[in-house]
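K.L.:
Residues per chain are reported as follows:
There are 4 protein chains.
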Amino acid sequence: MHALNPIFLPGPTNLPEALRRACDIPTMDHRSAAFGPILASAMAGVKQVLGLSEGEVAIFPATGTGGWEAAVTNTLRPGDKVLAARHGMFSRKWIDLCQRHGLDVEIVERPWGEGVPVEAFAAALAADTGHRIRAVLVTHNETATGVTSDVAAVRAAMTAAGHPALLMVDGVSSIGSIDFRMDAWGVDLAVTGSQKGFMLPAGLAIVGIGPKALAAMETSGLPRCFFDIRDMLGGNYPYTPPVGLINGLAVSTGLLLEEGMEAVRARHHRIAEGVRRAVAAWGMTTCAARPELCSDTVTAIVTPDGVDAGRIVRHAAEAYGVAFGGGLGEVADKVFRIGHLGLMSDVMALSGIATAEMAMTDLGLPVRLGSGVAAAQEHYRNSRTAPVRAAA
Amino acid sequence: MHALNPIFLPGPTNLPEALRRACDIPTMDHRSAAFGPILASAMAGVKQVLGLSEGEVAIFPATGTGGWEAAVTNTLRPGDKVLAARHGMFSRKWIDLCQRHGLDVEIVERPWGEGVPVEAFAAALAADTGHRIRAVLVTHNETATGVTSDVAAVRAAMTAAGHPALLMVDGVSSIGSIDFRMDAWGVDLAVTGSQKGFMLPAGLAIVGIGPKALAAMETSGLPRCFFDIRDMLGGNYPYTPPVGLINGLAVSTGLLLEEGMEAVRARHHRIAEGVRRAVAAWGMTTCAARPELCSDTVTAIVTPDGVDAGRIVRHAAEAYGVAFGGGLGEVADKVFRIGHLGLMSDVMALSGIATAEMAMTDLGLPVRLGSGVAAAQEHYRNSRTAPVRAAA
Amino acid sequence: MHALNPIFLPGPTNLPEALRRACDIPTMDHRSAAFGPILASAMAGVKQVLGLSEGEVAIFPATGTGGWEAAVTNTLRPGDKVLAARHGMFSRKWIDLCQRHGLDVEIVERPWGEGVPVEAFAAALAADTGHRIRAVLVTHNETATGVTSDVAAVRAAMTAAGHPALLMVDGVSSIGSIDFRMDAWGVDLAVTGSQKGFMLPAGLAIVGIGPKALAAMETSGLPRCFFDIRDMLGGNYPYTPPVGLINGLAVSTGLLLEEGMEAVRARHHRIAEGVRRAVAAWGMTTCAARPELCSDTVTAIVTPDGVDAGRIVRHAAEAYGVAFGGGLGEVADKVFRIGHLGLMSDVMALSGIATAEMAMTDLGLPVRLGSGVAAAQEHYRNSRTAPVRAAA
Amino acid sequence: MHALNPIFLPGPTNLPEALRRACDIPTMDHRSAAFGPILASAMAGVKQVLGLSEGEVAIFPATGTGGWEAAVTNTLRPGDKVLAARHGMFSRKWIDLCQRHGLDVEIVERPWGEGVPVEAFAAALAADTGHRIRAVLVTHNETATGVTSDVAAVRAAMTAAGHPALLMVDGVSSIGSIDFRMDAWGVDLAVTGSQKGFMLPAGLAIVGIGPKALAAMETSGLPRCFFDIRDMLGGNYPYTPPVGLINGLAVSTGLLLEEGMEAVRARHHRIAEGVRRAVAAWGMTTCAARPELCSDTVTAIVTPDGVDAGRIVRHAAEAYGVAFGGGLGEVADKVFRIGHLGLMSDVMALSGIATAEMAMTDLGLPVRLGSGVAAAQEHYRNSRTAPVRAAA
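Going line by line, the protein sequences match chains A, B, C and D.
Numbers 1 to 392, taken from this note's numbering, label the letters of the first sequence in order.
Numbers 1 to 392, taken from this note's numbering, label the letters of the second sequence in order.
Numbers 1 to 392, taken from this note's numbering, label the letters of the third sequence in order.
Numbers 1 to 392, taken from this note's numbering, label the letters of the fourth sequence in order.
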């Protein structure tokens, strides 16, 4: 039995037809006159999506992890101190990366389900009168827990403390779906990948670099070569670029900007809100500790005590052919995740909610069939805005 | 806003990835050694799907209507009498085709929503002691009303009457999804298209020709050239064949036979049953007059008096990006149709049911959100059989 | 060993990437608002390519043969007389089609390699003082012999004779590549398919219908249903249209018109001229009897006495993976054909010429390696015009 | 004007249809049961292509440069000494990478056009009695100059010297096309990318790791995270893998192994030999200093004094839509390159040779049209082996 079921991973996302086509092209000479405009279009599009007016964009054939590595190895020095919160799998991994590169990470521990602790950061920055902290790391959207943190507030705390550190943001699962503003929030380095808000296959690390980070690159840096941003500036590639993916990125940013970033964000918010109402209808809770922390790209749902969340994920895959995200790290068995970033419609979301209901019922959870669907339907039909293009 | 929403037309169906790839191939020389095996494989596969052991298959670059034309123009003579029931849009069209070709159609009128009237046919055949009726036409699955008729019973009536007429069956929206057996039912000519049970784009008329029909071709025939079956026998094409679609048909029959025709039919039955339970949960009725007439490939749903069914179809398309089938002919404004033939999974069906609920609620119909979904979920989860391959 | 070798069939042609993509689309509701504009665009584009200002276009899911059938069955009556020359496989087949439909064909026999005999036609028309001839049939480009005939001259002869017959033209292998003008030449019905000048897969019969033919349809017609043009007017389909191919046709006409029909024709002329110079360099001759008859879409090359042309075709396919066209009918073993219609570039043509040289040398023909290539190279480099888009 | 012209870059290569399809797939859950076998198949296939029986394969979302970085950062320590020759752009870049990571590179300078100097390496190894050299770096195929070096001879020199250094080989433009044997040649680390012999788009760095390198990883290593091989062993990905490309790699290795590595190498040798005979027929010379150095994947051709090789490349692209490789670094204006690695057939190669002839003639070089083509044709037709699959 075959199916065209959507997937509900928190990345990679469902692929729009237009982007599959944009990526699947015959071989093009990347040194030819044809490639330059494609790369320039992708870079310009990314800058707009990032809300970055001055600055540069580097697009590596890699993943978000490579983007983190590029951000830190291009702007810091061996032994530099960085400030970061550990409150989920991806903030944990970024900290680990910094440590492997010999950086001194001042870690603020937070329960998984919480966001970046702005007050603790403010305190640490205020205490750092010698400005030994060279960078503040923020995981904008913790994909593992479905928690969105307040980047602008972190910048405000840095400003209040008069602290000169760089602000580096992991926007892997937020950029292109959730509100993100490099200029307005004073983000110096923003990192994302192709397979989330840009709705492409995995394979690109995308790094937005503000003026202050560019300046830092001139005097700082850890050993690096593949991820050396200096070799990429001006649209030159020191190695063979993945032309298809970059063409896809040019088309993807075109789709996003045509819809309008405000509309894109509003769409993700209303789809996410429908999912959250379904969770409430099921009598369940999100991993995100408070409503204002709930992510608009992924909802992590806490299963009742004694219920292995992984069984729900495996059962949905085997019985219904639908992929949800499992729990990771500290919440490995305690949450399952419904990803709704990138390409997602009301109708697709409803099929995911309906599948989750069946899977949980099959496994004996006290969920009433149709209850979450009805809650989401009610929200979707009352908040409709733009018409839908069916053949995307 | 883009989406990967399924479509719920009663044909063409959602396209499996494997079949899109099979159709989208570089140009192949149709006179080369490579094409012969592809065509042979498609023909052999179609014969198996049709349940035809002796006989031939002709595959025209056309649609089901062309298949009807091939069936009648290759085996009948000008002025020949044929027996047919008129009980829906497609039986009406086939009768019209016969009349345009100068055949004398004895029409049994039946309400739309009823099936082929076996007793009336039996009576007509018994009365035709001179055997002037040369062919009996049966629309196996009336796509317009969602009604499946009993082909075997018609053959039994012919046998009981000792009548030598040919039995011609329109299986356009049944073959490949609903039980169909040329040998066992004594079907002499069976007609279908590529875009229904075979899950391909439109563009092929597929005609199964039993031994008695082959014999009739030797002495009968109306003026014809493009649809002359004689030119096609032995796998020769008198014009350029649509190589991609034929390759798709070879792969499609492979997929169906690998799953097993019994499993294919069971799958369509359980998906259809879920849709019917949703209809019942909504307090609505099918156009099919009795449960045993209900089609497993398309459900036609009667809207309450005064409610234009077309509005539901248009609203679902505009507001949610989902295509349902509208009403046709006599039931144009009175029914809307949920197609579930070809490529369809539980999860896809649920998204269609959920969308229909929203659309009807938006338009003021007294449908409770989630009610149809819950009824279908209950059926699906209790009747699961095979695991699902998500990436099809 | 795999290859991306071009094919050199006289249709179907090599497929441009853009058209493969345009054809390979997810299922679209052909009754939705989205399909109308696509069909309208395809129809309007075809009219421009045909040079037809007033009149209609009908696009059938069929092939060119179906187009012939549509042309004659929609405008003539049983027993009507038509005038046609038989000078190749495709003119022979069209005559056969007319005869199968009960038409009375006045056949002018001509050697294969000659064009339509304008003077003989003029004489026949002049002799037909009773205007019993209802249609004059012209095969614009005889694909079997590589001969292009003079349609305008036939119209001039009809005008000179004051003859009211319809002028029907088979433009299957000319339209979209060779100069063609329905209005200017007074063509009443023009027939082509998708797989030639439009560079698409096979599967569409395309019929241009001038005002006089539209008028004839009102009072004439043979039995027909699938090919009934009346059901298609206004963009309505009486059966499921092949949406992907029609979308492809819309894009194809866009590509042709963007390049400009004059430039398209000039391109085919210069590529064909290179092939002809190669033939001359090999010391061989074309099947076309005189230079002015040589087709710009296909070159049929006469092999020396005793050399089975089919061996060259089979050997090129087996040894080098390149498809040429074999001989058909009366010239079955005497000619092989290099198709250069549709998508073809200098570079692609040179690879075909080089392959033909190797294949002929392998089989002992007295061809000097590189000789034809050099002659074509010389022509191509001296007649270059527009730059080439490599990734098409 | 559009075209389906092949490209003649020394990578990325022309893409086989089968591999485009394998890469262009709907989103798959990389944590699902479906992905494991795909990755395992790709890894097992790569090991066979590499001739590696014991050891591991790491597949990074990156390019060959990332593979170099993985090789050196996983097995060496800060300040370690490595031995390398600088005789082309890519050997130069690898040395640069080592230096950026703080390694102490003992560089043997060689003219561009020469291979790795086995005797100089032998001398350096013999002199290094303290075994300070921890790794010997060999660029197996210098893509910039079209020179293939003798890896086995380097290993023999190491063995003769009783030297324990690791042997690291850049096989980016050789592996999958030219003979390569990790076990037999004692290669400890082999690096390649997806876009060369594997005939895929760029986007994968592929690293073969022998037992001795695995052992070195346990005690050595430079700061690294994204390229940390330890995180990848056992088929686990520490970040989102590019599922489509990895599926493509599984299919690619299947194609190569089905053809047989011996047959693959023989095919590249005969195609390359045809190109070299064309160069000789033009009266020109290769950048490779001696015949035995000539690469079977790329031919670098020296242009006459005063002729800017870049003009040939640009003119061929603009006038004929064909991409050749330009010169790089020290030979930037002095050579142009015909890439014939990956997907290439006789017929494709001939179209490249014919295009180069036209381009050079256009620019006034004393090349006789057809001369190179004839020389290559003669070679190809006399050395044919396997039949060709046209639709690849």
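Simulated from the structure, these hints should not be mistaken for laboratory data.
Every residue, glycine too, gets a C-beta built ideally from N, C-alpha and C.
Treat the hints with caution; some may be incorrect.
Stated by the list, open to error - Chain D is faced by these chain A residues, among others (derived, beta-carbon under 10 Å): (1) Leu4; (2) Pro12; (3) Asn14; (4) Ala18; (5) Cys23; (6) Asp24; (7) Gly64; (8) Glu69; (9) Thr73; (10) His101; (11) Asp104; (12) Glu106; (13) Pro241; (14) Trp282; (15) Ala317; (16) Ala319.
K.L.:
Does the interface hint hold: is Asp104/A within less than 10 Å of chain D, judged Cβ to Cβ?
P.N.:
violated (14 Å)
K.L.:
Closer than 10 Å between Cβ atoms is the bar; does Pro241/A clear it against chain D? Give me holds or violated.
P.N.:
Hint holds; Pro241/A Cβ to chain D Cβ min 7 Å, cut 10 Å.
K.L.:
Measuring from the C-beta of Glu106/A to each C-beta in chain D, is the shortest one below 10 Å?
P.N.:
violated (19 Å)
K.L.:
Please verify that hint: His101/A, Cβ, nearest Cβ of chain D, below 10 Å or not.
P.N.:
His101/A check passes; min Cβ-Cβ to chain D is 5 Å, inside 10 Å.
K.L.:
Do the numbers back the hint for Glu69/A, that is, is its least Cβ distance to chain D under 10 Å?
P.N.:
Holds - the Cβ of Glu69/A comes within 10 Å of chain D, reaching about 5 Å at its closest.
K.L.:
Does the CB of Ala18/A sit less than 10 Å away from some CB of chain D?
P.N.:
Since the shortest Cβ distance to chain D is 13 Å, the answer is violated.
K.L.:
Taking 10 Å as the limit, does the beta-carbon of Leu4/A come near enough to a beta-carbon in chain D?
P.N.:
holds (8 Å)
K.L.:
Would you check whether Ala317/A satisfies its interface hint, that is, whether its CB is within less than 10 Å of any CB in chain D?
P.N.:
At about 6 Å, which falls below the 10 Å cut-off, the nearest Cβ of chain D leaves the hint on Ala317/A intact, so it holds.
K.L.:
Does the interface hint hold: is Gly64/A within less than 10 Å of chain D, judged Cβ to Cβ?
P.N.:
holds (7 Å)
K.L.:
Closer than 10 Å between Cβ atoms is the bar; does Cys23/A clear it against chain D? Give me holds or violated.
P.N.:
holds (7 Å)
K.L.:
Let's test the interface hint: is any C-beta of chain D closer than 10 Å to that of Trp282/A?
P.N.:
violated (23 Å)
K.L.:
Take the shortest C-beta to C-beta distance between Pro12/A and chain D; is it under 10 Å?
P.N.:
holds (5 Å)
The structure fails hints 4, 11, 12, 14, 16 (numbered hints given earlier, in ascending order).
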